[in-house]
Amino acid sequence: MRTVVELEGIRVAHGERTVLDVPVLGVRQGELLAVMGPNGSGKSTLLRVIGLLQAPTAGAVRFRGALVTAHDGLVVRRRMASVFQDPLLAAATVFDNVALGLRFRRIDGRRIRARVDVWLDRFSIAHLGLRQARTLSGGEAQRAALARALVVEPELLLLDEPFSALDQPTREDLMNDLGRILGEERTTTVLVTHDRAEAMVLGDRVGVLMNGRLLQVDEAAQVFRGPISEEVARFVGVETILDCRVLESAGDLSILDAGGQRVQVAQPADPGEWVRLCLRPEDVTLFPGAPKGAGASPFNRLPARVERIVRAGAHVRVVVDCGFQLVAMVTHREVEDLGLHEGALVTAHFKATAPHLLRHG
Amino acid sequence: MGLVSEGLLEAVRLLLTGDAEVWRIAWLSLQVSGSATLLSLCAGIPLGTLLALARFPGRALAVSVVNTGMGLPPVVVGLFVTVVLWRNGLLGALEILYTPLAMVLAQFIIAAPIVTGLTLAAIQQVPEPFRLQMLGLGASRSQMIGMLLREARLPMLAAVMAGFGGVISEVGASLMVGGNIKGGTRVLTTATVLETSKGNFEVAIALSTILLLITFLVNWALTWIQQRARA
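Listed in order, the protein sequences are those of chains L and H.
In terms of this note's numbering, the first sequence opens at residue -2 and continues consecutively.
In terms of this note's numbering, the second sequence opens at residue 661 and continues consecutively.
Don't read these hints as lab results, they were simulated from the structure.
Treat the hints loosely; a few may be bogus.
[Unchecked claim] Here are the in silico distance ranges between beta carbons for each label pair:
#, chain 1, residue 1, chain 2, residue 2, range
1, H, Glu755, L, Gly12, 31 to 39 Å
2, L, Glu304, H, Arg719, 55 to 63 Å
3, L, Leu71, H, Phe716, 17 to 25 Å
[What the hints assert, rightly or not] Looking from chain L toward chain H, a few residues come up when the C-beta cut is under 8 Å (computed):
#, residue
4, Gly48
5, Leu50
6, Ala67
7, Leu71
8, Ala78
9, Ser79
10, Asp83
11, Leu85
12, Leu97
13, Arg145
14, Val149
15, Gly286
The beta carbon of each residue, even a glycine, is placed where N, CA and C say it ideally should be.
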């Protein structure tokens, strides 16, 4: 597949400290690459380097296969558009703000009006065209900022946490609209975010950036289901991580010793090998009381005792002891319906396909 | 109180009767201070923009010099310009001492740091990511600077007001480099000093009132533009 932009040996250093070190990264035509990482991991620096807004200390950027030089920087920059966390609208009307990029490119007035009208409409802010941009709400302002970037029909759209300053309902609305529009336009996009949900919902591929290094870049589902290291696993939301010994292995099914419990995992491993088991909390289901009868083979049913119940926004995190510490995510209603309380006896269920094994060698 | 009211009445009379000398002095004041302000804008806006955006060794020192310059005592400027323009001074060959041109030069030196310093502050108050955002939308460097100046236009109008206010009201430099020559370099401030020293308080108050009126009208016009832009 054709790549729109490629990074080669990119390093950005502030004095002795390296803040970004990306040996190679390519963004494919038509994809949305979501790069996620914690604060200070180098996400915005990465985006600025791609967008030619910051010169790297070392390395090169290729756009459509051609090396970008200082001489053609502006020409290449005009084939891209950036949107930041803060909408950064100019003190002008919404229409004039959306028209900015076209005016920078010296497009004639009639075409500007036609294109701006289309994009105001697509972001459902056509009625705000004559309003002063500084009087908009946060959600409206970010819609204007996105329309302002997309109106120039960029070959590469760069989004730097564009939803993070918005409240939850506004964020979800805008994320849905943007996802739909990008899907229709097939605009090649790089989104950086610290929000796993955003990356998962919007990303075709997901990269995990930590301490300036891209630890994993893969299909979105693969990054969340099969993180390549404990560091990535923790960042993508895996909460149960423990060392286990492989007892038996037959084909794709392995039996592990996890804190004295036999756990089935649908992943090959060598008997006697030590592996690290990763399990997401939303893959664990809790039932009241002790396990009843022998389970069907692809399921794990472990007797457990509730250790802690921690409210986590719309959900509740329940930490249980089943020979090892296991974290389950349930709803507030389930806590009531299942009569969960500290010390309660429960059965923890998870499919053999749910865990992911990190193999030490 | 009698003196003040008589002075005000005299001001009204001078204005209404169209006293030629008063109108000439007022017109010269506007010309000299307007030209000096205009020149200071031409120099101060690019310099302030450069200091706000560029990073170079000695920048902090340059900013300190500008900030110090914002409070330059006019008499010091007057002395400096007189020495430079004196017949055997550095620019003595120009023979412009005791001409309106010398007054423009002195007032320019007073106003330029004010405009530079306020431009610097105005541009720095625009959030730094705004620059990146403009570049990220495809602006060239000059388009980006244009957008920054546009964003900072309200505080920059304050720079114009401060620059003009600083020079139309100064007296020391104009007196020293202009000489207060009747029909040549007499402006409202120097004329006021002269009339006061002669004990002609009514005329001095009248001239001061006209000076205040001019300052008010110019600032009122700029404020109107500023507030209209904000609305």
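Tested hints:
The supplied range of 31 to 39 Å is broken by Glu755/H and Gly12/L, whose beta-carbon atoms lie about 56 Å from each other. Separation of Glu304/L from Arg719/H is about 59 Å and conforms to the stated range, judged on CB atoms against 55 to 63 Å. Judged by the Cβ atoms, the range 17 to 25 Å given for Leu71/L and Phe716/H holds: they are separated by roughly 23 Å. A least Cβ separation of about 6 Å between Gly48/L and chain H falls short of the 8 Å threshold, and the interface hint therefore holds.
Given hint, Leu50/L at the interface with chain H, holds; its Cβ is 5 Å from that chain's nearest Cβ, closer than 8 Å. For Ala67/L, the interface hint is violated, since its Cβ never comes within 8 Å of a Cβ in chain H; the closest pair sits about 12 Å apart. The closest approach between the C-beta of Leu71/L and any C-beta of chain H is roughly 6 Å, which is under the 8 Å cut-off, so the hint is satisfied. Against a cut-off of 8 Å between C-beta atoms, the interface hint on Ala78/L holds, since the closest Cβ of chain H lies about 6 Å away.
A cut of 8 Å between beta carbons decides the hint on Ser79/L: the least distance to chain H is about 3 Å, and the hint holds. At a threshold of 8 Å, the smallest CB-CB gap from Asp83/L to chain H is about 6 Å, leaving the interface hint in force. This hint holds: Leu85/L has a C-beta 4 Å from the nearest C-beta of chain H, less than the 8 Å allowed. At its closest, the beta carbon of Leu97/L sits 6 Å from a beta carbon of chain H; the interface hint therefore holds under the 8 Å criterion.
Using the Cβ-Cβ criterion of 8 Å, the hint placing Arg145/L at the interface with chain H is satisfied: the shortest such distance is roughly 7 Å. For the restraint placing Val149/L at the interface with chain H, the shortest Cβ-Cβ distance is roughly 6 Å, inside the 8 Å limit, so the hint holds. The beta carbon of Gly286/L comes no nearer than 56 Å to any beta carbon in chain H, farther than 8 Å, and the hint placing it at the interface is violated.
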